[in-house]
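Chemist: Spelled out, the chains give:
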Amino acid sequence: MLGSEQPILSVDNVSHDYGRQRGCAGVSFDLYPGEVMGVVGESGSGKTTLLNVLAGHLTPSTGSVRYRGRSGGEVDIHRMGEPERRLLMRTDWAFVHQNPRDGLRMNVSAGANVGERLMAIGRRHYGNIRGQAVEWLERVEVEHGRIDDLPVTFSGGMQQRLQIARNLVTGPRLVFMDEPTGGLDVSVQARLLDLIRGLVTDLGLSAVIVTHDLAVVRLLAHRLMVMKDGYVVENGLTDQVLDDPQHPYSQLLVSSILQT
Amino acid sequence: MSPQSESGSAFDSAYNFAFLDEQTKRMIRRAILKAVAIPGYQVPFASREMPMPYGWGTGGIQVTASIIGPDDVLKVIDQGSDDTTNAISIRKFFVRTTGVETTESTADASLIQTRHRIPEKDLRADQILVFQVPIPEPLRFLEPRETETRRMHALEDYGLMHVKLYEDIAHHGHIATTYAYPVKVAGRYVMDPSPTPKFDNPKMDRMAALQLFGAGREKRIYAVPPHTEVKSLDFDDYPFELPEWQDVCAFCGAEDTFLDEVILDDRGKRMFVCSDTDHCSERRAAGHAGPALFDGEAAD
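So the protein lines, in turn, are chains R and A. The first sequence finishes on residue 421 if you use the working numbering, and the numbering steps up by one all the way, no holes. The second sequence finishes on residue 335 if you use the working numbering, and the numbering steps up by one all the way, no holes.
Derived from the structure by calculation, the hints contain no laboratory data. Just so you know, these numbers come straight off a predicted model, no measurement behind them. Heads up, the beta-carbon is just placed ideally off N, CA and C, and yes, glycines get one too. Careful: at least some of the hints might be erroneous.
Calculated Cβ distances over 12 Å to all of chain A for the following chain R residues [unchecked claim]:
no.	residue
1	Gly-195
2	Ser-348
3	Asp-355
The following label-pair restraints were derived from C-beta to C-beta distances [stated by the list, open to error]:
no.	chain 1	residue 1	chain 2	residue 2	range
4	R	Arg-240	A	Ala-72	48 to 54 Å
5	A	Ala-72	R	Arg-358	35 to 41 Å
6	A	Glu-264	R	Leu-364	29 to 35 Å
7	A	Arg-64	R	Tyr-193	55 to 61 Å
8	A	Pro-86	R	Asn-289	51 to 57 Å
9	R	Ser-225	A	Ala-160	51 to 57 Å
10	R	Arg-262	A	Ile-170	23 to 29 Å
11	A	Ile-170	R	Pro-244	49 to 55 Å
12	R	Asp-263	A	Phe-275	33 to 39 Å
13	R	Gly-234	A	Gln-58	26 to 32 Å
Here are the simulated lysine to any residue pairs, SDA-like style, with alpha carbons at most 25 Å apart [to be verified]:
no.	chain 1	residue 1	chain 2	residue 2
14	A	Lys-60	A	Met-85
15	A	Lys-219	R	Asn-289
16	A	Lys-219	R	Gly-288
17	A	Lys-266	R	Asp-310
18	A	Lys-219	R	Arg-285
19	A	Lys-199	R	Arg-284
20	A	Lys-233	R	Thr-220
21	A	Lys-199	R	Gly-283
22	A	Lys-233	R	Gly-288
23	A	Lys-199	R	Arg-307
24	A	Lys-199	A	Glu-183
25	R	Lys-389	R	Asp-374
26	A	Lys-199	R	Asp-310
27	A	Lys-219	A	Pro-260
28	A	Lys-254	A	Ala-142
29	A	Lys-219	A	Glu-181
30	A	Lys-69	A	His-262
31	A	Lys-156	A	Asp-107
Chain A extracted, bound-state conformation (with noise of 0.2 Å):
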């Protein structure tokens, strides 16, 4: 760790800077070009094999890599939370193979790479937001053969999609896909935004911040350009809907936010807190409380 990068902080040598050799970072890029400039559109990209396994967001991390400068100032989320091992090892990583500064902070951060999670803070037009994708064809559970799904998005051939939404009412009486829930960008391209919940679907819809996704196992790249307009599917008399607590966050009493319910001991006793860990301090450090919780009284 003794040598210094550009901007002086330390990174290991070892490593080109980010990890990945220039030429890879430079057909990275005109992928997430290509992605920027057909929004929705999944670009295919020769993902490369990281030191990590598939499946811990090898795709975000080469997005990542190949845009992390060694001014960026760095924050890595899981489920909304900075302290999760998958948020840290990604951040240990780019510690090391950058030198660059790191943030649990989403207003201090420049770029930040997410699982699971949009942030609760409105994103800035100086901001990048990287996802990382398991599976980013939207359509492949009802349409296995990827030769038919990309002739598909080639001929807006959409109606399978809502075939989906269809069987969902069918048989629970209301539309129950929660995550991975399908828009449609910029009017065209139906697109999976990755297994974040439906709560943050309407975050991405003309986002100030560049929004990008990494697929490092399916080797696909897509991006939503700031403004955008991005739309959740649904019919006409079963709307888009967005999921409601009875509860609020147990330490800061946020009513709007995304909460995870947490298990407290095996007689039934729960409690939900806001998913996202930095919103939920931020909202404590300014004076703001949930119900207590440790004394018996939590939830139901």
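The shape of chain R in the complex, shown without the other chains (with noise of 0.2 Å):
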């Protein structure tokens, strides 16, 4: 087998259960590089909490997420060493944010933003940090005259670009979003689903995008999952599932959109 064809995440049975609440139960899947991965559901379905679980910010209850490295080793991410995971989270992987104040430091100009993962995985050189940042704001389509000022003063979609970039910085193979376009306006959102599929497309990025928006996955997702109440009722292709869904809540999902 061609190592290119090893899963680069494996999730085998995952469940997380907040107490007596279920979070998500049973999720099995196996990404591979280049691969993105839709997860669609009502809200409370259990998306965020298994991308939560996916990512390593909680610990499943039941099961194990194993992620490939770039030596083909694979590692259990609950099971390795909270250093070794930080050091993951800031080199190989990304998470983006719903809400970028989640994901930005707002305190801290845009410059020191995208450069803040450059500096915690040793870069010193100044410059080279700065040049990195102007590049990555024009990236993100960030007006490099604005490198200096503050997340604040930047619009909701300026910030969710600024956070993409923050996160891409440093050359992840893996990134997770939350909702990417949640809470844009619809032609905000339009260009910012084109710059995130340019740039999964043009850095053959993997990812895993947890979103209520269908237009969102038809747009970005090779496959997807739908979920409800903790489960997944359905997945495949997303061509496959949004033009001919089986299961009766992929079916009212997919109807209670409108056709045009």
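Hey, can you piece these two chains together into the complex? The hints should help.
Modeler: See the structure below:
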């Protein structure tokens, strides 16, 4: 078997409970390099819980999440030490929050936001850090004249793009996104989606994208999982699931979109 | 003030020696020992209420009170000066509660409590320097959560500290932090050297004397043992730099000391003088003299 055909992320029977309350239950899937997995479902269906478990923010009640690193070795992300996990999170992984305020440092400039991950992995050359910050701001279409401005002075869409730049600056291989277009108006959403799609393709990223917006997954995701009450009720290729939904809930979800 | 301490000097016997009770001193000494064993690590301790408000150096006072003995010679400085309100109050406190001998001379002191400055004169192995610290956590203004900053220390996760320096350069063109300039101690813990000017950072590096830091309100003690490496953080292309003055001390003519600016009138006349008063008067006693100052010739 070729190395590239091995999954980058293997999720095996993952469940997470909040006490008696079910977060997500019995989720298994493999994510392959360059693949984008969409997770859809209504509010409270366990999408975000699942994403937080995958990204190592929450410890699963049962099951395991294994990540295959650049060297090809597999690690269980909930069994590895905290220093290694933190290193992984800021080198190989990225997490884009729904609310940019959760993912940005609001009291330091845009340039410092982008540079933080570089400094965290030990870069100590100001000129190089700044150079990369400028480059990434341009890449996400933030005017580089704004590099020394605080993120609070940015519009919502700019903040979200800044958050993406901040995450991608270290060249991650795997990106987790939680409703990346939530709370943005439609035209800004469209541009942001376009940008994300371009970046994912150019950089060959693998991604897990959680959203309730089917248009987002239609545009970005190769594969799709539909969640309800913590369980995955249907999964398959995105077009297949959206065009020919099998589970009653998926049918409801698809039919509730205005058809043009 | 009638009873006698063990060494024969008088102190107010209404108080235990050095104000704190013996159990409290033991507790603080244990914290100090731990701090010395882990250079730069902030050790929590059960800070006591002192007969002085927070911000007056209650942390430093508790550290001093737990290590002071009847034979010690105490020097207290505030901003380099022996005769400011804070220094005088603390010195009087210790004279009343311990009866120890006090001095203004750096060389004669065995124990020096300081706020904001390290004496210009090199300290010796038989001396101890105690700092009063308002905010012991160097990461505080970047990461307000104490749970998170402690975790960052534990994991040596210090990228954030450079974010602050990055911001300085981005906004001012150079590292504009001039006091409480973060240092890395013994290659491991990042430490706030208390609000001493960065001019004093190099003095901390491999100092022969033991340096103890006490933060009363924040309930933390940390230490730099003798001859320990203390490195100021910087960037490869923006290295740590010492501040420079155009002027020399108006009293003693020193060119290599930390100078305070003194405004002389409302027409912009001013002069610069050594902040370390003891060092300055010693130099004058040795015959050094600064530029004439009261004849209108003072610096622009």
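Chemist: Evaluate each hint against the coordinates.
Modeler: Against the structure, the hints come out as follows:
| no. | hint | in the structure |
| --- | --- | --- |
| 1 | Gly-195 | holds, 29 Å |
| 2 | Ser-348 | holds, 31 Å |
| 3 | Asp-355 | holds, 30 Å |
| 4 | R:Arg-240 to A:Ala-72: 48 to 54 Å | violated, 31 Å |
| 5 | A:Ala-72 to R:Arg-358: 35 to 41 Å | violated, 55 Å |
| 6 | A:Glu-264 to R:Leu-364: 29 to 35 Å | violated, 41 Å |
| 7 | A:Arg-64 to R:Tyr-193: 55 to 61 Å | holds, 60 Å |
| 8 | A:Pro-86 to R:Asn-289: 51 to 57 Å | holds, 53 Å |
| 9 | R:Ser-225 to A:Ala-160: 51 to 57 Å | holds, 55 Å |
| 10 | R:Arg-262 to A:Ile-170: 23 to 29 Å | holds, 25 Å |
| 11 | A:Ile-170 to R:Pro-244: 49 to 55 Å | violated, 26 Å |
| 12 | R:Asp-263 to A:Phe-275: 33 to 39 Å | holds, 34 Å |
| 13 | R:Gly-234 to A:Gln-58: 26 to 32 Å | violated, 54 Å |
| 14 | A:Lys-60 to A:Met-85 | holds, 13 Å |
| 15 | A:Lys-219 to R:Asn-289 | holds, 23 Å |
| 16 | A:Lys-219 to R:Gly-288 | holds, 22 Å |
| 17 | A:Lys-266 to R:Asp-310 | violated, 30 Å |
| 18 | A:Lys-219 to R:Arg-285 | holds, 14 Å |
| 19 | A:Lys-199 to R:Arg-284 | holds, 14 Å |
| 20 | A:Lys-233 to R:Thr-220 | violated, 43 Å |
| 21 | A:Lys-199 to R:Gly-283 | holds, 15 Å |
| 22 | A:Lys-233 to R:Gly-288 | holds, 23 Å |
| 23 | A:Lys-199 to R:Arg-307 | holds, 18 Å |
| 24 | A:Lys-199 to A:Glu-183 | holds, 17 Å |
| 25 | R:Lys-389 to R:Asp-374 | holds, 15 Å |
| 26 | A:Lys-199 to R:Asp-310 | holds, 14 Å |
| 27 | A:Lys-219 to A:Pro-260 | holds, 13 Å |
| 28 | A:Lys-254 to A:Ala-142 | violated, 31 Å |
| 29 | A:Lys-219 to A:Glu-181 | holds, 19 Å |
| 30 | A:Lys-69 to A:His-262 | holds, 17 Å |
| 31 | A:Lys-156 to A:Asp-107 | holds, 19 Å |
Violation of the numbered hints given earlier is confined to hints 4, 5, 6, 11, 13, 17, 20, 28; the remaining hints are satisfied by the structure.
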